[in-house]
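Residue numbers (my numbering), protein chains in the order written: chain E, 1 to 308; chain A, 1 to 308.
Hints in this document: simulated from the structure, not taken from any laboratory. From the three backbone atoms N, C-alpha and C, an ideal C-beta is built for every residue, glycine too. Warning: the hint list may mix true and false statements.
What the simulated footprint calls covered on chain E by chain A, stretch by stretch (three residues with Cβ under 8 Å from a Cβ of chain A suffice, anywhere in the stretch; the number is not a length) [to be verified]:
| no. | segment |
| --- | --- |
| 1 | 94 to 106 |
| 2 | 118 to 128 |
| 3 | 148 to 162 |
For reference, the chains in residue letters:
Number of protein chains: 2
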Amino acid sequence: MTISARRANTTEPAASRRRAARPSSRAAEDAPASHALDPDAAGQDRPAQAALGRNSDFVQSLDRGLAVIRAFGPDQERLSLSEVARATGLTRAATRRFLLTLVQLGYVRSDGREFSLRPRVLELGYAYLSGLALPEIAAPHLEELVAKVRESSSISVLDGDHIVYVARVPTKRIMTVAISVGTRFPAYATSMGRVLLAAMSPENLELYLATANLDALTGRTVTDREALRAVIGDVARQGYALVDQELEEGLRAIAVPIHGKGGAVTAAINLSAHASRVTMMAMRTDLLPALQETAGRIEADLRSQGAG
Amino acid sequence: MTISARRANTTEPAASRRRAARPSSRAAEDAPASHALDPDAAGQDRPAQAALGRNSDFVQSLDRGLAVIRAFGPDQERLSLSEVARATGLTRAATRRFLLTLVQLGYVRSDGREFSLRPRVLELGYAYLSGLALPEIAAPHLEELVAKVRESSSISVLDGDHIVYVARVPTKRIMTVAISVGTRFPAYATSMGRVLLAAMSPENLELYLATANLDALTGRTVTDREALRAVIGDVARQGYALVDQELEEGLRAIAVPIHGKGGAVTAAINLSAHASRVTMMAMRTDLLPALQETAGRIEADLRSQGAG
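Can you build the whole structure from these sequences, using the hints too?
Pasting the structure below:
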């Protein structure tokens, strides 16, 4: 069985993940403005980015080198020089220089013909995760929640117009691991994304609604901007978001906010379940109370430990 | 309570992790030869690296940009331009260009005075992890093992002279998460490292013994090259490695190899426990049989799924 086939058996929406993760990587190169929507960074990064443009301060080699790393992925573990060149849009000569540099730095392995990433690339993401207090504080509470309700739970933060998993505990019946930390999904189609959008300032939300790409990921995805604004308004009033198969067919999820010690929403926590197993009613009556209780415990720990 | 204080309460050897992780980052810049010891890559990367040297194919800007990302970490979440310059050894002007480029690419956030990493950096490690079948296949077996023996379990691969966690399931009583995926430790002082060293070809093992830095991480660490060769020989004969507080005071761990479908050792799996709670005898009599059983199940799945 292939990895894709195995993933298709889980509630991890593999197809959407691939759809979602790849274009967002490209966005980093092509449209710097598109990730200026982070509520924490908005009004801080944006002027800097606007002023920067593609000027003499921009180190193109770094941009290209990171694109070479991102060329590898789930269905691209081993790539030839030509394949990397095709994926990045670089010339073969430039691709070769970047690959050989990455080999020399220990990030890429080569057998002469094909290239693959080495575990050292994990250091780069580790530099970010190890600086976060939330995943560590939340871990035992996530474990407890999943043991109790027997559905998978995740915590995400907003990064531009995507959510990014920073912690995840799968149920026993789901074969997914820490792999999923770092997974990105478009905010509008996910329960955690809607919770985070509902916590935005009105200005940032309008900017998001005006600029986000609202693609139909399933037949049920809300893609109309007015309809989405109304849905997000409901989430703000209710204090939770319930999404029924808008990210992936067969997947339901419910999310609530996690407030940092200052009271601002810093992350969202969800429970996801197979639509065939858990009704919409059960999501609200069985899962929501347990989810809210867990969020409350995490918030209490964040306050008492001075983090978040 | 600080993150460091919280970590000190777990069996996660925080101090060693920091000691271990940082210098290895530096090694990537200064001594490319030091990570040519990977048994998979040896004889493949090394000639390429030797031929490369610091020649015209080496893209220095990529090297420096990655060093800027690695400057951030557990105790360095928010850094000023000067602090990044100090950590990387770059000039202020160069540091500024790299930071602004990373801001523009969405990897770094700036509030004008201080810089911090954004979740997008997780994409880089994700590109590696998502290409690995092992963590996904091993996950349910790790969960089962940890639920049964109530000690933390990890899986590592060798990368140069370090082991790197690719999967980890902590016990309930330990507050550690996916954070730990990507953590690096020097191979010689860890149970998983010794299992992986024991599986090396004699030539690669001799090269490792001749070149590795064998620092005393605790008063018990085996640092004598002859003694280490003997210990590794014992591991090869016994089929497991048991390490008593050589990586961190108070931490014991036992590891066995995981063989890929071709029969070669591709990874190691361990159980770690507090020395105050589990005797050396109990490590062997209680934990080892469960660990071996789990390794066998993972190997069976790797074979049946054509991976590894």
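Practice task
Test coverage of the segment 94 to 106 of chain E by chain A using CB-CB distances below 8 Å; three residues minimum.
Solution key: holds (count 10)
Problem - Verdict on chain A covering the segment 118 to 128 of chain E, where coverage means 3 or more residues with a C-beta closer than 8 Å - result: holds (count 11)
Exercise for the section: Go check the segment 148 to 162 of chain E versus chain A for me, would you? Three or more residues, Cβ under 8 Å, otherwise it fails. Expected result: Three-residue rule met by the segment 148 to 162 of chain E, so holds; n is 3.
Hint check: no violations occur; every hint is consistent with the structure.
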